[in-house]
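Here the sequence shown is numbered in the working numbering, starting from 155 and rising by one per residue.
Simulated from the structure, these hints should not be mistaken for lab results. Just so you know, not all the hints are guaranteed correct.
Stated by the list, open to error - Think about it this way: if two alpha-carbon atoms lie no more than 16 Å apart in a straight line, the pair counts; the simulated EDC-like pairs of lysine to aspartate or glutamate are:
1) LYS372 with GLU292
2) LYS372 with ASP234
3) LYS482 with ASP594
4) LYS246 with GLU292
5) LYS368 with GLU495
6) LYS330 with ASP570
7) LYS330 with ASP234
8) LYS372 with ASP239
9) LYS451 with ASP395
10) LYS330 with ASP393
11) LYS368 with GLU568
12) LYS471 with ASP393
13) LYS482 with ASP499
14) LYS482 with ASP393
15) LYS410 with GLU568
16) LYS451 with ASP393
17) LYS372 with GLU324
18) LYS368 with GLU292
19) LYS471 with ASP427
20) LYS372 with GLU568
21) LYS471 with ASP395
22) LYS372 with ASP570
23) LYS482 with GLU589
What the hints assert, rightly or not - Distance windows between CB atoms, simulated:
24) PRO586 with GLN409: 15 to 23 Å
25) GLY468 with ASN233: 46 to 54 Å
26) PRO289 with ASN233: 25 to 33 Å
27) GLY270 with ASN233: 41 to 49 Å
28) GLN574 with ALA552: 28 to 36 Å
For every residue, glycine included, the Cβ atom is placed at its ideal position computed from N, Cα and C.
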Amino acid sequence: MDALRILRIIVALLSILFLLSCSSGGSDTVAGGGIGGTGTVVTTISDPPVCKAPIGDFANVWVTITRVRAHTSSNAGPNDSGWVDLVDLRDKPMQIDLFNLDSTNCILTVLGSTSGIPAGQYQQIRFHLLSNTPPQNEATPPSNNCGSNNGYNCVVLTGGGIETLQLSSEAQTGLKIPSGQIAGGHFTVPAGQVVDLNIDFDACASIVLQGNGKYRLKPVLHAGEISLNTTAISGRVVDSDGGASIGNAIVLIEQKDAENIDRVIMQKLTGSDGRFIFCPLPTGTYDVVVSAKNQTKTYNATITLGVGVGTAMGDIKLYPATGTGTIKGDVTTVITGSGQEVDIDISGLKYATSSLRVTIPVFQGSTPTTVTAPNGIPTNYSLSVPTGNPQVGTFNSAGTSYSPVSGGYFINAEADNCTQSSQSTTELNVGPGGEVTAPDITFTGCSGNY
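Input sequences plus hints: build the corresponding full structure.
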């Protein structure tokens with residue numbers, strides 16, 4: 155029996171004893187979503203174990219966690235009343251390596267279990283990290299894997315060397331996981347019950363290589379209630395010609411947003427046997443997008459729509475592309491608030507259906523998909539993409555049927571701290587070995603990072 159199951163049994167028994175001891179008393183309520191009574195939340199953390207395309211190889215990503223809080227209001231500020239501690243590690247911060255969180259077999263790292271959480275629907279989570287230069291009276295980990303001069307949050311490069319992960323001020327007020335990044339928009343704590351809440355820390359998408367060569371943490375976090383029995387989506391990526399396994403294929407798990415654009419929830423690379431598993435996943439339906447490029451072949455994307463949690467997809471065929479093309483462009487920000495620069499997420503989209511655009515994986519040779527744009531200075535990006543049409547099908551357990559969908563690319567840029575947070579270009583067509591320049595994108599009314 156794994157450690158998480160044992161922990162859940164223990165906390166469930168403690169919750170029952172607590173309720174029995176309080177059965178003659180009144181019930182608690184929580185403003186803005188409380189339903190009376192209290193429950194227990196077991197908080198875990200997970201992350202895909204590899205990160206290569208398109209940024210580079212990392213051996214370790216160390217972060218130091220001090221606290222996880224939740225609120226029933228999606229609009230609550232970090233200093234508002236009503237926050238409850240799901241995990242409080244301020245007296246003994248926990249330093250973990252995100253790349254050693256083994257999601258291959260659904261083994262999770264438990265951050266903590268807290269009883270007495272007021273029952274209710276929680277619509278916002280804040281995730282706190284220890285400052286790289288904490289005050290002298292603030293507790294630090296008993297040992298620091300970042301060394302003596304690299305703070306408490308860092309990356310270890312596969313080629314050697316340790317680099318500090320620079321943090322924004324939000325790391326101390328709490329990195330926000332809004333309702334839009336919580337599965338179902340909220341998680342529910344029922345009275346007298348135990349809830350398993352997992353936080354997925356997508357380290358691959360969270361590391362920003364700045365123009366000065368320094369690494370900065372821009373966390374991409376998602377959360378949701380999980381079931382210990384049906385938490386995974388798995389499969390094997392193979393060549394359509396002969397069925398050979400494709401290692402290092404890029405696999406994206408996506409869900410659509412309010413703009414009918416599929417955004418990346420999780421990502422990872424296949425093993426040498428072509429296999430992948432995403433675990434744990436909150437209950438729901440996802441779209442799986444796969445592509446690959448190796449020394450001999452480039453493959454078009456294969457898009458499988460409507461894959462439910464608990465699905466073993468079997469073999470997913472990739473079809474050879476005619477080659478790769480490059481899409482280049484500039485993004486510019488106009489900062490009217492505080493700060494000096496803005497993070498912009500760049501994606502290459504293609505239509506999978508008449509109304510749904512999905513994010514297509516980009517290959518090595520691309521710039522990082524998050525760029526940092528100083529005020530008023532055009533910042534360039536370059537995406538290396540397959541040039542053929544994706545194969546698209548809706549998942550069917552009896553056998554999924556795929557067909558090619560024609561159309562060009564659309565570059566989408568997201569800047570959360572600007573007046574219009576998402577913008578897309580017109581359709582772009584790029585051929586094998588070709589290069590196309592996208593129209594410039596300008597964001598206005600922005601607030602910078604610092």
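Structure-based check of each hint:
1. A hinted pair counts as satisfied when its Cα atoms are at most 16 Å apart, and LYS372 with GLU292 does not qualify at roughly 23 Å.
2. Annotation: proposed proximity of LYS372 to ASP234 is violated, straight-line Cα distance about 24 Å (limit 16 Å).
3. Under the criterion of a C-alpha separation no larger than 16 Å, the hint pairing LYS482 with ASP594 is consistent with the structure, at around 10 Å.
4. Restraint check for LYS246 and GLU292: the C-alpha separation of about 10 Å stays at or below 16 Å, so the hint holds.
5. Our distance criterion of 16 Å between C-alpha atoms is met by LYS368 and GLU495, whose separation comes to about 15 Å.
6. For the hint pairing LYS330 with ASP570, the CA-to-CA distance comes to about 12 Å; that is within 16 Å, so the pair holds.
7. The straight-line distance between the Cα atoms of LYS330 and ASP234 is roughly 14 Å, inside the 16 Å bound, and the hint therefore holds.
8. With a C-alpha separation of about 23 Å, the suggested pair LYS372 and ASP239 falls outside the 16 Å cut-off, and the hint is violated.
9. Between LYS451 and ASP395 the alpha-carbon distance is near 12 Å, which keeps this suggested pair within the 16 Å criterion.
10. For the suggested pair LYS330 and ASP393, the alpha carbons sit about 40 Å apart, so the restraint of at most 16 Å is broken.
11. Taking the CA atoms of LYS368 and GLU568, the gap is about 22 Å. The hint is violated against a cut of 16 Å.
12. Between LYS471 and ASP393 the alpha-carbon distance is near 6 Å, which keeps this suggested pair within the 16 Å criterion.
13. The hinted pair formed by LYS482 and ASP499 meets the criterion: a straight-line CA distance of about 14 Å does not exceed 16 Å.
14. For the hint pairing LYS482 with ASP393, the CA-to-CA distance comes to about 29 Å; that exceeds 16 Å, so the pair is violated.
15. A C-alpha spacing of about 14 Å is found between LYS410 and GLU568, which places the hinted pair at or below 16 Å, so the restraint holds.
16. With a C-alpha separation of about 10 Å, the suggested pairing of LYS451 with ASP393 holds against the 16 Å cut-off.
17. Taking the CA atoms of LYS372 and GLU324, the gap is about 10 Å. The hint holds against a cut of 16 Å.
18. With a C-alpha separation of about 26 Å, the suggested pair LYS368 and GLU292 falls outside the 16 Å cut-off, and the hint is violated.
19. For the given pair, LYS471 sits about 14 Å from ASP427 by alpha-carbon distance, which is consistent with the 16 Å threshold.
20. With a C-alpha separation of about 14 Å, the suggested pair LYS372 and GLU568 falls inside the 16 Å cut-off, and the hint holds.
21. A hinted pair counts as satisfied when its Cα atoms are at most 16 Å apart, and LYS471 with ASP395 qualifies at roughly 9 Å.
22. Simply put, LYS372 and ASP570 have alpha-carbon atoms about 12 Å apart, close enough for the 16 Å limit, and the pair holds.
23. For the hint linking LYS482 to GLU589, the alpha-carbon distance of about 7 Å falls within 16 Å, and the restraint holds.
24. A C-beta distance of roughly 31 Å is found between PRO586 and GLN409, which places it outside the suggested range of 15 to 23 Å.
25. Between GLY468 and ASN233 the beta carbon distance is about 50 Å. The supplied range of 46 to 54 Å therefore holds.
26. Look at PRO289 against ASN233: about 18 Å separates their beta carbons, and that is not inside 25 to 33 Å.
27. A hinted range of 41 to 49 Å is violated for the C-beta pair GLY270 and ASN233, which are about 23 Å apart.
28. The hint said 28 to 36 Å for the Cβ distance between GLN574 and ALA552, and at roughly 44 Å that hint is violated.
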